[in-house]
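Novice: Based on these hints, arrange chain U on the given structure of chain L.
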Amino acid sequence: MFDIETQVEPVSEASPFGPAIEFRDVELAFDDRVILDKISFTIRRGETKIVLGGSGSGKSTIIKLVLGLLRPDAGTIFIDGEDITQCDEQELTEIRKKIGMVFQEGALFDSLSVYDNVAYRLAEEGIDEDEIEHEVIRMLRFVDLEDAIDKMPIELSGGMRRRVGIARALVGSPPIVLFDEPTAGLDPPTARTICELAIKLRDLEGVSSIFVTHEMNNLKYLSSEYAIVDGEGRVHFEEEGDKLCLINTKVMMIKQGAIIFDGTDEELQLTSDPYIHRFIKGR
Amino acid sequence: MALGISSLMNLISRFLVELQDITLLFWRMLRGLRKQPRYFDEMVRQMDLIGVGSLAIVSLTGFFTGCVLILQAYPTLEYYGAQSSAGQSVAITLIRELGPVLCALMVAGRVGSAISAELGSMVVSQQIDAMRALGTSPARKLVTPRVVALVVTLPLLTVAADIFGLIGGGIIARYLYALDANSYITSLRTGITIQDILGGIVKPIVFGFLIGLISCHKGLTTQGGTVGVGKSTTDAVVLSSITIIIADFFLSKVLQGFFSSTLF
Chain L
13 MFDIETQVEP VSEASPFGPA IEFRDVELAF DDRVILDKIS FTIRRGETKI
63 VLGGSGSGKS TIIKLVLGLL RPDAGTIFID GEDITQCDEQ ELTEIRKKIG
113 MVFQEGALFD SLSVYDNVAY RLAEEGIDED EIEHEVIRML RFVDLEDAID
163 KMPIELSGGM RRRVGIARAL VGSPPIVLFD EPTAGLDPPT ARTICELAIK
213 LRDLEGVSSI FVTHEMNNLK YLSSEYAIVD GEGRVHFEEE GDKLCLINTK
263 VMMIKQGAII FDGTDEELQL TSDPYIHRFI KGR
Chain U
322 MALGISSLMN LISRFLVELQ DITLLFWRML RGLRKQPRYF DEMVRQMDLI
372 GVGSLAIVSL TGFFTGCVLI LQAYPTLEYY GAQSSAGQSV AITLIRELGP
422 VLCALMVAGR VGSAISAELG SMVVSQQIDA MRALGTSPAR KLVTPRVVAL
472 VVTLPLLTVA ADIFGLIGGG IIARYLYALD ANSYITSLRT GITIQDILGG
522 IVKPIVFGFL IGLISCHKGL TTQGGTVGVG KSTTDAVVLS SITIIIADFF
572 LSKVLQGFFS STLF
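Residue numbers (our numbering), protein chains in the order written: chain L, 13 to 295; chain U, 322 to 585.
One chain only, chain L, in its complex shape (with noise of 0.2 Å):
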């Protein structure tokens, strides 16, 4: 089993250089069952951190401690620089506008048009109409869903309801982008549709995020392909060689509530912990 790495830097308040999320002996638990067992960690901006584990492992709990909608039993966490664990409901709102959400199914408003949901964000904030116009179709673009501007989510497919929750928490920039099982249930090539979503915005826009999935697929595509533009604007994909190692993923993995392992794809695949190899190999 790897060592878990619990020193942790000193975090300066919202320092262009700090990491742009940082978990310091996080514990939680609801009545006796313990969810999280203080676990640390540390994502660096720009850097995106698959996380994998067994269902009820806690993988989707560190999401909504992320967001503030859990609070923590014990430890701190640092968004940006700034411990959201002392936070009152009015600074939570302020610090969620850096953070871009992606939920299991894309949750969707179901009373809301695409539009609407995709410039949800904006309306609320009250900003002209033409620049929500002009932000919701930029958004929608990024994603391959121009068409699908005015229906409901009803009539969405599973895929484009993912990718319309991905265009949804894009709008504004967000610097950190979470993603909770975005592929779970969905056919391979959408699955990969979204992966290389996630590419996009990590290797294109900087954006710092945190993957949450137990798809093994997406492991592959998210550490070892990177995006880059040809001279004509066009994104293309190409995979990690001689010429180039990706630096920017890291892999955590989660076994009832403590962090088994946290290192690079390449160090997950040399392990000999019993458990882990299960779970990457499948047997």
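Quick caveat, the hints were computed from the structure, so don't treat them as lab data.
Heads up, none of these hints are tricks.
Footprint (simulated), chain U over chain L, 3 or more residues, beta carbon under 8 Å:
(1) 72 to 86
(2) 107 to 113
(3) 124 to 136
Note that the Cβ used here is the ideal one computed from N, Cα and C, for glycine as well.
Specialist: Chain U alone, transformed into the frame defined by chain L:
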């Protein structure tokens, strides 16, 4: 014995936790009224859904309640030779008690269940989490407009139910018991006081507030997927209905003290 005490303590602590949650929701709702954005469009939409949407069933309930009141009361009044008081008896019963209570119960069944189911579905499909993640307070965006809409529309619906009830009573008195229409109307006009009308307006304001707060609370605390939505919907209707009946007694007592010259 020990088990019994432990169950009782559990019940009390659950009640206190529930009361605390509802009070917190009420506080957040009040703050929602104070701060921008106030979601006036949503309030108007809810008033249309709740008020206009419930008008038909409330009017029908009021009409037939008025009919049955005169049907039951008239033979007794006739026995004592007090047929001329038929209008007054219907008016007082309807405006003071049955109008506000029956109207509130109908709205609790129709609107309370809808609110709870809608918010509960939003919880299980993570739309409430999404709303919070997008920087919106669910209390301000969802609870405040619904409670305000209920507080505004329930008194109006009650007035509609009262009017249809009086009309229903009049029709039965005229065509079943051959009571003179003028005698019925005169009895109504002399029998109703301003205190009756005020009391009949104050009660639905309180009932509307209770239905809104309880239904929103039950919806927002839904747990356990679609089964949980069903449970919270049932709980919302049952708790709202019981609270209405209990609150009616205390409100009547308070109003009785307030308008001490009249009988409430």
